[in-house]
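Q: Work the whole structure out from these sequences, hints included.
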Amino acid sequence: MITRSTAQEKKLVQPPAADADMQQVLDALAGLGPKPIESLTPAQARLQPSPADAVKAVLRARGIAAAGDPGVTIQKTTYPGAAGPQKARIYQPAEISGAKPVLVFFRGGGWVIASLDIYEATPVSLAKQLNAVVISIDYRMGPEHKFPAAHDDAIAAYRWVRANASLWGGDVTKIAVAGESAGGNLAAHVAIAARDQGLPMPVHQLLVYPVASTSTDSPSYHDCADAKPLNAAMMGWFVKNATNGSSDLKDPRLNLIAANLRGLPPTTIVSAEIDPLRSDGDLLTEALTAAGVPVEHRLYRGAAHEFFGMSAVVSKAREAQAFAVQRLAVAFAQP
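This note's numbering applies: residue 1 is where the sequence shown begins, and numbers increase by one.
Hints may contain errors.
[Said to hold, decoys possible] Computed cross-link-like contacts, BS3-like style, restricted to lysine-lysine with a CA-CA straight-line distance of at most 25 Å:
id, residue 1, residue 2
1, Lys-128, Lys-87
2, Lys-76, Lys-87
3, Lys-146, Lys-87
4, Lys-146, Lys-250
5, Lys-128, Lys-76
6, Lys-56, Lys-128
7, Lys-240, Lys-35
[What the hints assert, rightly or not] Pairwise CB distance ranges (calculated):
id, residue 1, residue 2, range
8, Lys-35, Leu-167, 41 to 49 Å
9, Gly-236, Thr-73, 21 to 29 Å
10, Leu-47, Pro-335, 45 to 53 Å
11, Asp-226, Glu-286, 21 to 29 Å
12, Lys-35, Pro-143, 17 to 25 Å
13, Asp-117, Gln-44, 14 to 22 Å
14, Asp-171, Gln-44, 41 to 49 Å
15, Thr-173, Arg-301, 32 to 40 Å
16, Ser-97, Asp-226, 48 to 56 Å
17, Leu-40, Thr-73, 29 to 37 Å
18, Ala-43, Asp-251, 22 to 30 Å
19, Asp-69, Ala-43, 38 to 46 Å
20, Leu-47, Phe-323, 28 to 36 Å
21, Leu-249, Ala-43, 21 to 29 Å
If you're looking for bench data, these hints aren't it; they were derived computationally from the structure.
The beta-carbon is built from N, C-alpha and C at its ideal position, and this holds for glycine as well.
A: Printed below as a string of structure tokens:
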């Protein structure tokens, strides 16, 4: 379980300041009255207002309807997970002509909460900007299905996408992986598992504020211990509900910086300044670089965890998505 040590408690400082538009979302989230997740059962936590709900509240306050994008079609489906069918969604540009690149996207939620609905904004936006087929993957969650259930589902999903991409207008030679938070960890796991299992490698991995280390003795766990919408206590709660105990924290599928990272595809890492996971991005960048993996890491100051999918209202989200799209487009353009 992730906990704060006495030494950490002494080092706690205020989180970095949020940009004005980011703060508007955080204020909107507070206005929805969420209870501290670490004080709830998983069932209760799954019913709490989410940052996606806060974005909708900001849009409503501006008199803007939160609607889907007519330039992207959405197909609900299932895939054969490691222990049975799991949900997935296929996002396609409305105009399909010729084979499109494919992005396999893993949502966040600490392996315990959230849903494809909550993380809809990112795959819609990336499908449109990349002119690509994006498949958003659901997976089993703890505490009902603890580690490594989600990781096993993730690689099963990658196999399924590779076998079926052409059916959705996708180019099987141009498949990348992406994920946010816990989903960033799953995306990296898929790249590692593909290498180890002899599967064709993804051409790129986009890791957005990924869980990359199981240590909490980092600068961001200190200065963002009480940040919103993610804080250190919540991370401890996620780990408690997603894993079987402290022995799991040594597993390189969770502790990515201890994994064999050699031979992985070029990598893009996006980090938020106001995020206990900020230092995980630094540590993973260092580990990938030491392993000889081309990596570019960009930190967005004034942005908080979960900002990436908030392009409708947060300017740094638009900047981060543009950066990610540029990096993925380069990877997809390679022969």
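Q: Indicate, hint by hint, whether the structure satisfies it.
A: Hints and how they fare:
no. : hint                           : in the structure
1   : Lys-128 to Lys-87              : 22 Å, holds
2   : Lys-76 to Lys-87               : 8 Å, holds
3   : Lys-146 to Lys-87              : 18 Å, holds
4   : Lys-146 to Lys-250             : 15 Å, holds
5   : Lys-128 to Lys-76              : 18 Å, holds
6   : Lys-56 to Lys-128              : 20 Å, holds
7   : Lys-240 to Lys-35              : 18 Å, holds
8   : Lys-35 to Leu-167: 41 to 49 Å  : 43 Å, holds
9   : Gly-236 to Thr-73: 21 to 29 Å  : 40 Å, violated
10  : Leu-47 to Pro-335: 45 to 53 Å  : 48 Å, holds
11  : Asp-226 to Glu-286: 21 to 29 Å : 26 Å, holds
12  : Lys-35 to Pro-143: 17 to 25 Å  : 18 Å, holds
13  : Asp-117 to Gln-44: 14 to 22 Å  : 18 Å, holds
14  : Asp-171 to Gln-44: 41 to 49 Å  : 43 Å, holds
15  : Thr-173 to Arg-301: 32 to 40 Å : 37 Å, holds
16  : Ser-97 to Asp-226: 48 to 56 Å  : 50 Å, holds
17  : Leu-40 to Thr-73: 29 to 37 Å   : 36 Å, holds
18  : Ala-43 to Asp-251: 22 to 30 Å  : 26 Å, holds
19  : Asp-69 to Ala-43: 38 to 46 Å   : 32 Å, violated
20  : Leu-47 to Phe-323: 28 to 36 Å  : 34 Å, holds
21  : Leu-249 to Ala-43: 21 to 29 Å  : 25 Å, holds
When the structure is compared with the earlier hints, violations turn up for hints 9, 19 and for no others.
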